[in-house]
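Peer 1: In this text, residue positions in the sequence shown follow this note's numbering: the first is 1, and each later residue adds one.
Hints were generated in silico from the structure; no laboratory data involved.
A few of these clues could be false.
As a list, the in silico DMTMM-like pairs of lysine to aspartate or glutamate whose alpha-carbon atoms are at most 20 Å apart [stated by the list, open to error]:
#: 1; residue 1: K47; residue 2: E202
#: 2; residue 1: K67; residue 2: E50
#: 3; residue 1: K67; residue 2: E202
#: 4; residue 1: K200; residue 2: D156
#: 5; residue 1: K91; residue 2: E50
#: 6; residue 1: K68; residue 2: E50
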Amino acid sequence: MEEHKYLDDLKEIRQMMRRSTQFLSLSGLSGVLAGVYALIGAGSAFKILEAHHLQESYVILESYTFKKLIAIALGVLIASIVTAYLFSAYKAKRNGETLVNTTSKRALYNFALPLLTGGVLCVLLLRNGHYGLLAPMTLIFYGLACVNVSKYTFGDVHYLGITEIVLGLLAAYFPGYGLLFWTLGFGLCHILYGGIMHFKYERNRKK
């Protein structure tokens, strides 16, 4: 009996130490929904390109079609951020924790730094007409952000990041298939990894 209590105490101490160094309020379901948003956005983008018969041609920066594509991408991004915040806040409250703390700030910084760097680079690429590099760069820098933040959250995020980087490199190697790789990376991979995280860390804990 005493040995069992001793093991429980060690487990509790370990969990407390982990909470102090890792952001564990990240929700797998928010990742799944982000993937769904990305699939919807990619489908809408494909329909726009198909309607204008532009699958084989370039879309210039000043065109109305390009502005609609950017609006779709921003819509997916905003919806994903809002969903991640709401689900993380709910999970933190359910676990009796605060969402904004030293650990979450550290995680946000390590995630945002590569992501914002990639965002600035993408804007510069667009201004210089390198539209074909947009999908590879967004995938690669998002992957780098995931790898960088994985030290402060669930380890599965590291593997998501590696997957995104590989898809970004493939998108650069196969020009003209950017939308396909973007759909795989931000759509299907988010759904897959989000589902894994939900069943691995959240559903089992509820039971």
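Peer 1: Give a verdict on every hint.
Peer 2: Results for each hint:
This hinted pair does not check out: K47 and E202 have alpha carbons roughly 36 Å apart, beyond 20 Å. Using a Cα cut-off of 20 Å, the hinted pair K67 and E50 holds, with the two alpha carbons roughly 16 Å apart. Proximity of K67 to E202 is assessed by CA-CA distance (about 39 Å); at most 20 Å being required, the pair is judged violated. As the CA atoms of K200 and D156 are separated by approximately 10 Å, the hinted pair is consistent with the 20 Å bound.
Simply put, K91 and E50 have alpha-carbon atoms about 41 Å apart, too far for the 20 Å limit, and the pair is violated. Taken as a hint, the K68 and E50 pair is honoured in the structure, with Cα atoms around 13 Å apart against an allowance of 20 Å.
Hint compliance for this structure: hints 1, 3 and 5 are not met, and every other hint is.
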